[in-house]
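*Asks:* This is what each chain is made of:
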Amino acid sequence: GAGVSQSPSNKVTEKGKDVELRCDPISGHTALYWYRQRLGQGLEFLIYFQGNSAPDKSGLPSDRFSAERTGESVSTLTIQRTQQEDSAVYLCASSLVGGEQFFGPGTRLTVL
Amino acid sequence: AQSVTQLDSQVPVFEEAPVELRCNYSSSVSVYLFWYVQYPNQGLQLLLKYLSGSTLVKGINGFEAEFNKSQTSFHLRKPSVHISDTAEYFCAVSRPSNTGKLIFGQGTTLQVKP
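Sequences listed follow chains A and B, in order. So the first sequence is residues 1 to 112, counted in the working numbering. So the second sequence is residues 1001 to 1114, counted in the working numbering.
In case anyone wonders, no lab produced these hints; they're calculated from the structure. Each residue gets a CB set at the ideal place from its N, CA and C atoms; glycine is no exception. Heads up, some of the hints might be wrong.
[Claimed, not checked] Covered stretches of chain A, as calculated for chain B (at least 3 residues, CB under 8 Å):
id, stretch
1, 40-48
2, 100-110
[As the list claims (entries may be wrong)] Quick list of the computed label-pair ranges, beta carbon to beta carbon:
id, chain 1, residue 1, chain 2, residue 2, range
3, A, T78, B, L1051, 33 to 43 Å
4, A, K17, B, S1097, 32 to 42 Å
5, B, P1012, A, A54, 42 to 52 Å
6, B, G1062, A, S73, 19 to 29 Å
7, B, L1046, A, K57, 22 to 32 Å
8, A, D18, B, E1066, 38 to 48 Å
9, A, R81, B, S1030, 20 to 30 Å
10, A, G28, B, N1041, 26 to 36 Å
[To be verified] So, partial list: chain A residues that the calculated Cβ filter (under 8 Å) puts toward chain B:
id, residue
11, T30
12, A31
13, Y33
14, D63
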């Protein structure tokens, strides 16, 4: 595809359940980022992948959050034992190294 | 650590009027500066960026911003707004030697009225 895609676009889950969010970056983009946007707040950095280097996980808010990326393709963000404060829009972005970040449309997560 | 403050959460303005959206940052090291726009029900789109060189940068849709190092500001301006400029605007910084991760402000909603 031409841009970054994310799925699902919306996810409603019950407190305590695990969720998995998917990001398909632009082909050829070696860098991939996950951000979170809570209601009325700016975006918060979560995690960064670059090629085969160790990811920068410094933004993950707790050990319930984890992410994986296979090579330079798809990434999944997993939230275990979801809490109501995890409700947010989760955005993925990809870029060439040092280049402009292109954002996906986001996944809106609602934890009941 | 870097931080970004957008001084106005909402800016109402009439069509064809000028507008300025304010952004201040704090950092002990040099930074790159960005403005992103998020139109309703769309993803974030880069408006403009400052990496180095001229402090006045021009972006898409007639927007421009000026980097002021002494005031640690990067305000966004447009001389005449359109209804279609109604959107959420985010200021962001990153460190040149870092991973490129962006630190965002809380956003400013620009509401253009007819």
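*Asks:* All hints, please: hold or fail.
*Replies:* Hint by hint, here is what the structure shows:
{"no.": "1", "hint": "40-48", "result": "holds (count 7)"}
{"no.": "2", "hint": "100-110", "result": "holds (count 6)"}
{"no.": "3", "hint": "T78/A - L1051/B: 33 to 43 Å", "result": "holds, 34 Å"}
{"no.": "4", "hint": "K17/A - S1097/B: 32 to 42 Å", "result": "holds, 40 Å"}
{"no.": "5", "hint": "P1012/B - A54/A: 42 to 52 Å", "result": "holds, 46 Å"}
{"no.": "6", "hint": "G1062/B - S73/A: 19 to 29 Å", "result": "violated, 37 Å"}
{"no.": "7", "hint": "L1046/B - K57/A: 22 to 32 Å", "result": "holds, 25 Å"}
{"no.": "8", "hint": "D18/A - E1066/B: 38 to 48 Å", "result": "holds, 47 Å"}
{"no.": "9", "hint": "R81/A - S1030/B: 20 to 30 Å", "result": "violated, 40 Å"}
{"no.": "10", "hint": "G28/A - N1041/B: 26 to 36 Å", "result": "holds, 27 Å"}
{"no.": "11", "hint": "T30", "result": "violated, 11 Å"}
{"no.": "12", "hint": "A31", "result": "holds, 6 Å"}
{"no.": "13", "hint": "Y33", "result": "holds, 6 Å"}
{"no.": "14", "hint": "D63", "result": "violated, 20 Å"}
In terms of the numbered hints stated before, the structure departs from hints 6, 9, 11 and 14, listed from lowest to highest.
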